[in-house]
Every structure is written in structure tokens, then in C-alpha cells.
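**Student:** Given next are the chains, with one letter for each unit.
Number of protein chains: 2
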Amino acid sequence: MTRIEKIFKRVNEIGADCFVSFDNSDMLYFTQADSEGILLIIEQKTFIFANKLSYDSIINQKPHAEVIQALHGVKSLQEYLIENKIHSIALDLKSTSAFNLETLRKNFEIKDATDFSKQIRIIKEQSEINSIKRAALIARNAFTKVYSMIKIGISEKELQGELDYQMVKHGAQKSAFETIVASGVNTSFPHHKPTDKKIEDGDFLMIDFGACVDGYNSDCTYTFLVGKRTDEERDFYNALFYAQTFAREFIAPNRTKAKDIDKRARDELAKYGLDKYFIHSTGHGVGLDIHELPNIDLSNDTLIVPNMVFTIEPGIYIPGKYGVRIEQTILVKENDVEILGYAPFMEII
Amino acid sequence: MTRIEKIFKRVNEIGADCFVSFDNSDMLYFTQADSEGILLIIEQKTFIFANKLSYDSIINQKPHAEVIQALHGVKSLQEYLIENKIHSIALDLKSTSAFNLETLRKNFEIKDATDFSKQIRIIKEQSEINSIKRAALIARNAFTKVYSMIKIGISEKELQGELDYQMVKHGAQKSAFETIVASGVNTSFPHHKPTDKKIEDGDFLMIDFGACVDGYNSDCTYTFLVGKRTDEERDFYNALFYAQTFAREFIAPNRTKAKDIDKRARDELAKYGLDKYFIHSTGHGVGLDIHELPNIDLSNDTLIVPNMVFTIEPGIYIPGKYGVRIEQTILVKENDVEILGYAPFMEII
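Protein chains in written order, with the UniProt record's numbering: chain A, 1 to 349; chain B, 1 to 349.
Since the hints were derived computationally from the structure, they do not count as laboratory data.
The structure displayed is predicted, hence computed values, not measured ones.
Take the hints with a grain of salt, since some may be wrong.
No copy labels: a pair is met if it fits in one copy or bridges any two.
Each computed DSSO-like pair below joins lysine-lysine, with the alpha-carbon atoms no more than 27 Å apart [what the hints assert, rightly or not]:
(1) 133 / 52
(2) 133 / 169
(3) 228 / 6
(4) 106 / 198
(5) 75 / 263
(6) 151 / 228
(7) 169 / 193
(8) 85 / 197
(9) 75 / 198
(10) 169 / 197
(11) 145 / 193
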């Protein structure tokens with residue numbers, strides 16, 4: 001089945017006449033146009049409603065869709081739907097604004113299609129896997145350049161700036177997300193924003209980054225011990241390293257559920273009494289969005305099957321002290337998993 | 001009035017018990033916390049509902065709010081509101097997802113508070129103006145470095161990478177948005193994404209960029225004529241240059257309406273028969289969001305008053321050929337306007 005056939009099968013199942021998405025990742029997925037607009041799918045037909053700003057750019061990309069100039073956004077969409085005798089719309093409520101929902105509800109019956117497209121996008125095609133692999137390789141090569149710059153006295157922001165620069169220089173369209181560089185106590189905040197703080201002797205150093213290629217993202221986190229370290233810090237690091245490794249190696253395609261991977265990481269940390277510091281889920285899908293399905297968390301019954309791509313990234317954070325996170329993006333294959341853009345464990349002395 | 005008093009006055013006027021926002025710019029504005037969470041305001045009291053991931057980081061920022069650990073996101077918020085006998089919620093429908101609206105609607109009456117906070121944020125305080133000025137200065141200084149690199153043979157992406165790098169190096173938290181570098185025919189797409197295309201002799205070169213400092217953004221576009229140029233290109237450029245200059249100089253604080261600025265730019269271009277190529281509005285507010293109020297467009301009756309900050313950025317785009325946009329961010333003062341981060345008109349020979 002084509003992507004369009006897959007989504008419309010589900011739209012049919014809930015008795016809707018069409019699928020509408022305001023999510024630009026959906027537009028890229030179903031039409032190959034990387035821009036802003038409203039996506040409409042009716043049976044086998046795909047349409048993009050584009051404003052004047054993006055119209056020419058979309059046409060130039062030769063998308064798999066009819067492009068309609070929409071001078072008044074959602075109002076233009078409405079007029080088209082009324083003309084074409086559409087009565088009900090399948091909508092992803094998470095990627096639709098309340099404003100657009102309220103506007104459309106006045107004229108159409110709304111059917112809940114939340115996560116429909118994300119559930120299709122959860123299984124990657126070969127071309128998508130190739131793009132994610134390229135993104136991971138670019139990120140890895142860029143990091144190799146930055147690795148040699150890490151030393152006591154360089155600041156978080158300097159490393160961030162250099163890494164972002166190197167990723168674009170190596171061929172990334174852009175960074176996949178706002179690069180995190182945290183050192184010392186800042187590593188205790190999972191989503192720290194880089195500051196002018198300089199790397200000090202004895203710091204943990206956490207770098208979370210990814211590249212974006214053809215719209216597809218990679219995602220990876222290294223944590224280093226810089227300079228002198230205590231046995232306590234070493235043990236703390238090792239516990240997390242084991243948890244990440246064992247969670248990954250635990251995956252048996254077509255047999256493991258997402259929640260079991262999460263539990264495996266948590267169980268390992270519990271052996272050291274560190275599970276209470278593991279305050280997020282073990283991972284998330286990666287693709288056109290940096291966070292997509294499957295969520296690797298304790299409540300997710302999803303079976304792990306070939307061609308899923310997701311992160312394994314347990315992390316432990318002691319408030320006021322430090323934190324460690326190690327993250328790899330993996331591709332599920334027939335019998336095992338492949339680590340994308342892997343660089344071996346490294347220490348900074 | 002404080003920011004909180006201003007928003008609650010409007011919430012009171014529509015008869016709601018509280019204000020809820022899922023917009024992280026609102027959270028930063030009302031609490032000073034730069035993170036992710038749900039903002040709740042009840043009378044003079046401000047709350048942030050934070051998940052485990054962002055909780056410590058928010059606490060560490062000592063926000064002007066009580067921080068509540070919300071393990072289940074909007075569900076945790078709901079429980080709190082029910083316990084505190086809240087019946088009606090004022091919601092900005094544009095920054096709320098349809099999913100959250102539908103969830104909250106089950107237990108509460110929803111009152112439409114769309115743009116309430118944006119209408120308060122439209123008038124900048126001195127500390128906000130200082131941050132935007134710093135952002136504009138950083139962007140300008142970074143650009144000075146990049147300007148000297150512009151030459152025939154350098155690619156759009158090389159210039160983008162260097163400019164982003166220099167902005168962070170000069171003290172930006174990050175780029176304000178995805179930097180646009182377009183050359184040749186690519187300048188005919190207003191929101192072109194940089195490619196490996198090299199700058200050629202005779203190209204137009206368009207660079208649209210900004211820095212982010214303390215969460216506040218700057219926004220600026222230069223268009224250059226690189227190398228040899230025809231009279232037609234020169235006239236095309238000049239027409240736009242006049243339109244931008246005259247639209248800006250037309251502004252009389254407390255007297256001009258937003259729509260009149262837009263009309264002034266359009267009227268100037270019409271003299272040259274070029275108004276049909278001006279396919280977007282003349283500008284937009286700039287602050288914590290890169291696009292906020294006021295919109296400088298033909299339908300906006302908003303009076304321009306001191307301490308508004310917005311862009312003046314007419315642009316003309318001939319499909320398949322080329323385009324020109326010149327953009328400045330300006331601060332409205334008592335009697336005139338101040339250009340933020342201005343660098344003089346420059347040509348590349």
C-alpha cells in the first residue's frame with residue numbers, strides 16, 4: 001500500500017470523508033513538499049493549500065499533490081470542502097490548534113484521527129532509513145571535529161556553536177534540535193541550555209545533538225568525565241552505561257514491547273539504587289519529527305518490529321550535583337538492532 | 001499595572017476564573033522561567049505545572065510562580081483546578097492544541113481569550129527593549145564578519161553556517177529562526193532554505209537572520225547585488241528600497257495605523273507596477289516570538305504607539321527570476337522610530 005492508501009484506509013474506518021493535517025511533517029511525508037501549508041487527502045487525491053508566501057516554493061518542489069493557492073488559510077480550505085460536498089473531516093487533534101478545530105467544527109463533523117499518521121510513520125521505508133543514516137553519519141563526523149576541541153576552559157556555548165557549525169559544514173540542512181551542552185552541575189538538568197560556563201577539571205560534560213537531512217533527524221547524547229574523577233562519579237557513570245547497553249541488547253524484534261525496554265533500563269539502575277534519579281522515559285521514535293512514535297515508556301504496549309527507528313537514552317540526574325545520559329538512535333532489523341552514527345565510548349583526560 | 005494584573009483584568013472581563021496557557025513564551029513573559037510547562041494564573045497567583053524533566057531547571061531559575069510537579073501534564077492541571085473549585089478557563093485558542101481543548105472542555109467552561117497575552121506583549125517594557133537591542137547588535141556584529149566572506153563561489157549553506165556560528169560566538173543564545181540565505185533564482189522564494197548553490201556573478205543575494213538573547217529576538221534582511229547587474233535589476237532593487245524607506249518614514253507614533261504603513265509600501269511599489277509581486281504583509285511584531293503582534297497588514301486597524309517593536313519588510317518576487325526584500329526591526333518612540341541593529345546599505349562588487 002502507498003502512504004496515501006494507508007492513511008485513507010484508517011480514515012475510511014472511522015467514516016470520515018477526508019483527512020486534514022496542519023502538521024508540516026505530514027505534508028512532507030505524504031507529498032514530498034518541505035514547506036508550510038494545509039494537507040488535504042480525499043481518497044487517492046492529495047492537495048496542499050498554500051499561502052502566497054510558500055506557493056511558488058512548493059510548486060518548484062514538484063510535490064505529489066495538487067497545490068491550491070489559499071489566500072485565507074483555513075477559510076479557503078473550508079470553501080473548497082463545502083464546494084466538494086465534504087461532510088466529515090478526520091483530524092489529528094494533537095497537531096491541530098483549538099482555533100482551527102473550532103473554525104472547522106462550525107461546518108463539518110470532526111472525527112478524531114489523533115496519531116493516525118504517526119502510526120503509519122512509525123515504520124520507516126528504506127529511503128527514510130537512508131536519510132536518517134546520513135544524518136547520523138554527518139552528526140558523528142561533525143562531532144569528531146568538536147571532540148578534539150574539548151578541554152578545560154572552553155565554554156558550553158563555544159562547543160555548541162562549533163558543533164552546530166560543523167554539522168551544517170558536513171552537509172546537514174540544520175541541527176535537528178537546539179544542541180545541548182551542559183557541564184558540571186548543569187548536567188543535572190536534562191534539558192539544559194548552553195551558557196558561558198567553562199568546562200572545569202572534574203566536570204561531567206553532556207552533549208545532546210543531532211543533524212537534519214532531507215527533513216529526517218538523528219539524535220545522540222554523549223556524557224564525558226573531564227579530568228580527575230572520584231570513584232563515586234565513576235560508579236555512577238558505569239551504572240548508567242550498563243543500563244543503556246542492556247536495554248538496547250534486550251531488544252528482540254517482533255517479541256519485545258516498548259514498555260519492556262524501559263523496564264529493563266530501570267531494573268538495571270535499581271540494582272544501584274539509582275532508578276529514582278531516572279526521571280524520563282527510555283526513548284522515543286525519530287524521523288521527520290525529533291520526537292515521534294514509538295514512545296519507549298512504561299505504559300506503551302507497542303510491539304517492537306523491524307524498520308522502527310528510536311532512541312535508547314536512559315539518564316540519571318542528582319539535583320544540585322550532576323547527571324549522566326547516554327543516547328543512541330537505533331534501527332530495528334529482522335533479528336537485531338543497528339546503532340546509527342555510533343562513536344565508541346570516549347573519555348576526556 | 002503588573003503583567004499579571006493586566007492579563008487578569010481581561011480574564012475578569014470575560015467572566016473566567018483563571019487563565020491557562022500552553023505557550024512557553026507566555027510562561028517566560030509572566031514567570032521569567034524559560035522552559036516547558038503549563039502556565040496557570042488565578043487572580044494574583046501564578047503557577048507552573050512542570051513535568052519531571054523540566055521541574056529542577058525551572059526551580060533553579062527562581063521563577064515568579066509556584067512550581068507544581070505535574071506527572072500527567074494537562075490531567076494534573078485538571079485535578080488541581082477541580083480541587084480549587086475552578087469552573088471556567090480563559091484559553092488562547094491559537095496556542096492551545098485541539099487535544100488539550102477537548103480534554104479541558106469535559107470539566108470546565110472554556111472562554112475564548114485568543115491573543116489576550118499577545119495584546120499585552122505588544123507594548124514592550126524597557127528591559128524587553130534592552131534585550132531586543134542586544135539581540136540586534138549581536139546579529140549586526142556577527143553579520144559584519146560574514147559580510148567580508150561574501151564572494152562569487154561561496155555557497156548559500158556556507159554563509160548560513162558561518163552566520164549562525166558568529167551569532168552564537170558573539171553572545172546569542174541561538175539564532176532567532178532558521179537563517180535564510182538565497183541567491184539567484186532562489187531569491188524569488190520568500191522563505192527559501194539554503195542549499196549548496198554557489199553565489200554567481202550577477203546574482204541577487206538575500207540574507208534574512210536574527211539573534212535570540214534572553215528569549216528575545218531580532219529580525220533583519222539584506223539583499224545584495226553581487227557583481228555585474230543590469231539596469232532592470234538596479235531599478236527593481238531601488239523601487240523596493242524606496243518602498244521600505246518611505247513606509248518606515250511614514251510612521252507617526254499615536255497617529256498611524258498598522259494598515260496605513262502597509263498601504264504606503266504598496267503604493268510606492270505600484271508606481272513602478274511592482275505591487276503585484278509584493279505577496280506578503282509589510283511586517284510583524286517581534287519579541288519573545290519571532291512573529292507576534294502587531295501585524296503590519298492591510299486589514300489591521302491597530303494604532304501604532306510608543307514601545308511597539310516590529311519589522312518593516314516589503315519584498316517583491318518575480319517567479320522564476322529573482323526577488324528583493326529589505327527588512328529592519330524598528331522601535332516606536334514618542335515622536336519617531338529607531339532602527340535596531342541597522343547596518344548601512346551595502347553592495348558586493
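**Student:** Against each hint, give a clear statement of whether it holds in the structure.
**Tutor:** Verification of the supplied hints:
1. In the homo-oligomer, the alpha carbons of residue 133 and residue 52 never lie at most 27 Å apart, since the shortest distance is 34 Å inside one protomer and 31 Å across protomers.
2. Proximity of residue 133 to residue 169 under the C-alpha cut-off of 27 Å is restricted to the intra-copy arrangement: shortest distance 17 Å within a copy versus 30 Å between copies.
3. For the identical chains of this complex, residue 228 and residue 6 are neighbours neither inside a copy (55 Å) nor across copies (52 Å), given an alpha-carbon limit of 27 Å.
4. Taking the closest pair of Cα atoms, residue 106 and residue 198 never come within 27 Å of each other, the shortest separation being 56 Å inside a single copy and 49 Å across copies.
5. Taking the shortest alpha-carbon separations for residue 75 and residue 263, only the inter-copy value of 24 Å comes in at or below 27 Å, while the best intra-copy value is 47 Å.
6. In this homomeric assembly, residue 151 and residue 228 come within 27 Å of each other (Cα to Cα) only inside a single copy, at 13 Å, whereas the closest approach across copies is 47 Å.
7. Taking the shortest alpha-carbon separations for residue 169 and residue 193, both the intra-copy value of 23 Å and the inter-copy value of 15 Å come in at or below 27 Å.
8. For a Cα distance limit of 27 Å, the shortest separation of residue 85 from residue 197 qualifies neither inside one copy, at 60 Å, nor across copies, at 45 Å.
9. Taking identical chains as interchangeable, the C-alpha atoms of residue 75 and residue 198 are never at most 27 Å apart, the minima being 52 Å within one chain and 40 Å between chains.
10. For the homomeric pair residue 169 and residue 197, the shortest alpha-carbon distances inside one copy (25 Å) and between copies (14 Å) are both at most 27 Å.
11. When the C-alpha separation of residue 145 and residue 193 is checked against a cutoff of 27 Å, the pair qualifies both within a copy, at 21 Å, and between copies, at 25 Å.
Going down the numbered hints, you'll see the structure goes against 1, 3, 4, 8 and 9, while the others check out.
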